[in-house]
Amino acid sequence: MTLMAYAHAVNLGLMDALRADDRVIVLGEDVAEAGGSFKVTRGLLESYGATRVIDTPISEATIVSAAVGAAMSGLRPVVEIMFMDFITLAMDALVNQAAKARFMFGGKTSVPMVVRTPHGGGLSAGPQHSQCLEAWFAHVPGLKVVCPSTPQDAYSLLRSAIDDPDPVIFVEHKGLYGLRGEVDSSVKVPIGHAAVVRQGRALTVVSYGATVAVCLSAAKQLAEKNGIDAEVIDLRTLQPWDKATVLASVRKTHRVAIVHEAVQAFGVGAEIAACIAEEAFDELDAPVMRVGAPFMPVPFSRSLEKKYAVDETKVLAAMHRLLL
Amino acid sequence: MGTFMSNIHSRITLNEFKALHETMLLIRSVESTLVKVFANGEVPGFIHLSIGQEAVAAGVGCAIAPGDTLATTHRGHGHVLAMGLDLEGFFKEIYGRNGGVCRGRGGSMHVSDMSLGIIGANGIVGAGIPIALGSSLALRTRGTGGVSVALFGDGAMAEGVLHESMNFAKLLKLPLLLVCENNGWSEFSPTDRQFSGSLAGMSAAFNIPHECVDGNDVEAVWHACKGALKELRGGNGPRILECMTHRVRGHFEGDAQKYRQKTEQSLLESADPIARSEYRLKELGCTEDELHRMKIHSEERVSAALIEARSDAEPDFAEAFHDVHTPVPGETL
Amino acid sequence: MRKPFLMPKLGLTMTEGSIVEWKLKPGQAFNRGQIIFVVETDKSAVDIESERAGVVLEIVHLPGKAVSVGEVLGYWDDEEGGANSESVVEFNLQKTSATPVTAVDSVEVFPTQHQGNDIKRIVATPFARRLARKFNIDLHKVSGSGPNGRIKAADLPLGPATTQPTASQLILAKRLVGAKQNIPHFYLSLEVEVSELLALRLQLNSDVDVRVSVNDLFVAAAGRALLDCPQVDRVWSEDGIIRLGSTDVGIAVHSPQGLFAPIVRGAGRMTVRQIAEKTRPMLERVRKGRLNAREMGGGALTISNAGMFDVTYITPIINPGQAMILGIGSVREVFRPDVNCLPSLRREVGVVLACDHRILDGVAALNFLQHFKKRVQQPQLLTTLE
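Residue numbers (the working numbering), protein chains in the order written: chain A, 1 to 324; chain B, 325 to 657; chain C, 658 to 1043.
Calculated directly from the structure, the hints in this document are not laboratory data. Accuracy of the hints is not assured; some may be wrong.
Which bits of chain B does chain A cover? Going by a derived footprint, with three or more residues having C-beta under 8 Å, they are [unchecked claim]:
(1) 429 to 439
(2) 488 to 500
(3) 641 to 648
Remember, predicted model here, so these are calculated numbers, not experimental data. A virtual CB, placed ideally from N, CA and C, is assigned to each residue, including glycine.
All chains, full assembly: derive it from the sequences and hints.
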């Protein structure tokens, strides 16, 4: 058990995976010599050499497709896309190739690859360097999508993702890279399992990634000022999401909000809300709420981005609306 | 015969040539049959036929060794048959039946078999190229001695992934062979109206050895391919083989090809790779009778496979869910 | 200019209250002094009047749920020009909600007045419907407290196993738990002779209109005792020990609406008649559940008189914000030996003084209790001011 930053936890996950399985290779732009633009892959080249830790040209479409081909030919590639915004260049590789190879070739192959990519804003990185696009991939059959919120989950979910026989989009948050937390490398977190990070009876808040901490903070305030206890669930995996845990919570509290940093419209929250409304209709004592970013590109100006962001105040407002 | 350069590094035996010829006959028979059954309305979706391009398929398919991998295109029937794909499984897939090589999940554009080293047939133009690149990386990293071949048409020359892949493969000196089946047409447009450069020019830009062969001369293709693969196995980095050929049918079946000149017709006939191959075989001592028997044999194989395909069961829908994800040990669906 | 209605702080220790009723709807104008809404705390329901004339703009919080002091309850317009003033309060639901403005406004801002439901369609949550089915409750007979009169689970008359506490029950529970957890109580008890007190009361009530109750006499005695012992007229607060010196005495009163503790201000400097003049209308208002803000909060001491029941001692819980509570039991006739060791009939009450040990030690508390006893046993002095 060691206290470390989220970025370090990812680094450790990659190191341990490279050591445990010869088939694992790491590739991406500036991942080897430079150790990654966020230093997440620091030291990997020195430890494992250029055959297994590969600097690629700026060719997202090709490097992700190459990962598909390499995965189909016996390796377990972990590709880094430097900012999730750039994943758009690799959409064919992920959506038409990685996601479908197993299915359209009759179940006779698998694509055991991982795409690691940091999403998220709050750093004035601007509209093309701050997006949260995970909903797109959760919508594609054949892909798995995970989004850890803590260093422990980052480590354990990365190991699970690399071990998974299918393509996994591993979404990190650039603003969480410095977040410190305890990491026990023997802890296993399977894909598809959510965590109830705060127990409560009055209402449920479902979230993932950086907004989990925001929800916990709002829940603390709600308890201290109003004596109301909210249950907070960290999804950890978005596709497949842990529907059983969420529905069990809704059956207990009868009030639920889904919170994420990503744009609210057509986001992950929309699918979860619809499932809850359909499968737990008779448990609901209030409409299902969602809190997400407004329908706007992420603005650059600090004051604009602050208003854009999903913060405690917005989460509390949703919680209060649930209680009306 | 060939007006293009071709390098004959080694001789070819009669049996080897016969194998090439039989492969082409099979492909021709399959594709011609598909023309008819598609016109009958028996085949769902779209099909893209490679009549006229058999020499490239046979030359490449027979040159590849076990352990090598190949990525093909939407016009890949010839390629996969040349790699030895099961004929019945092929037809069943075309018909979308349960016994198809992809269990009816993919269809004409995706007919492939991993166990033969075919790492997919792609409906996205050029998409197979970086996938083959990745495969070559894996084969080298694993030290298997295998190499990867990406087949693509001249229509893919304008795709960015080709340029990116040429760059990347060269930087890493990957054992990747890029084979361009240049039939002069990018869907419905002549390629010279779609691509301002040339494959030779691009290869020079990336310092990748480029060879051009008469794509309708199966012997030339085969020799060129074998030579290139040998170079790849030597670890000298990627190579490009451009095979000049002709597409007889339209971009897809049903394409009336109004955009093509009638004058092209005679050119196509004189370029027919099978006719040329017959000529060469006779030169090497084959009899008319033998040639005829070879042809009948292909046709019979095709007829038999077709019967099986037409009567095969439809795939089970619930079972299709099993192929969305790979089951993990202990997982229940 | 747009201005907020904020949840008022109606007592030293009040942290939250709930709205009982909005007297006006959005769009309605009001005059200075007009009651806009009614707030319920754990002590009573309080009418909130406007200091100025204006027009109600929006209602943010609907009746029934606990709202923190200082939180925005709604908005009004003072009909003077100027830019909209933003509330400085943390919670500002309308402005910071991430949902599109239209979606928020259309549901919550203009609550309908009717509490019941139309014959044609019942508006109820799925959960409420399920419970209604399960417990055979006719939803037509239930009035909903949710937005637009929506029936929620909490509105259903369910059996004891599933009663949801009301907002004021929750507030009271929280206060009592807080009192027991945070205030180190110690207790002193005495028997106090009340024959003289009872006799005085009869005498006082024989000739005038305003009747003096036994409790009024206890209040007077306690007030004088506070005057005698100013060092106990103090309370503990987060900012330090506050010297009150006001001789305010609270009275614990039970009503159907719950337990309230109105304060008699300056009881130590009033005659018992003056006290009676104050307490009688106050108790009327308590019965109606309508105390003024001035009548609540403050004071170091409350009297909890259980005399009307048959109980020897009661050991009450100190009201947070105060330092002592005096529990008085019922009058009992007992025989005690007199100076000649002969049985003598006495009328006594058992008195228990619960004290906040942070402020009072045993000596100070005993001293105060002795003064209270003295005052009770020499009640004539309570009829005049010294």
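Against the structure, the hints:
no. : hint       : in the structure
1   : 429 to 439 : holds (count 7)
2   : 488 to 500 : holds (count 6)
3   : 641 to 648 : holds (count 4)
The earlier numbered hints are all upheld by this structure, with none contradicted.
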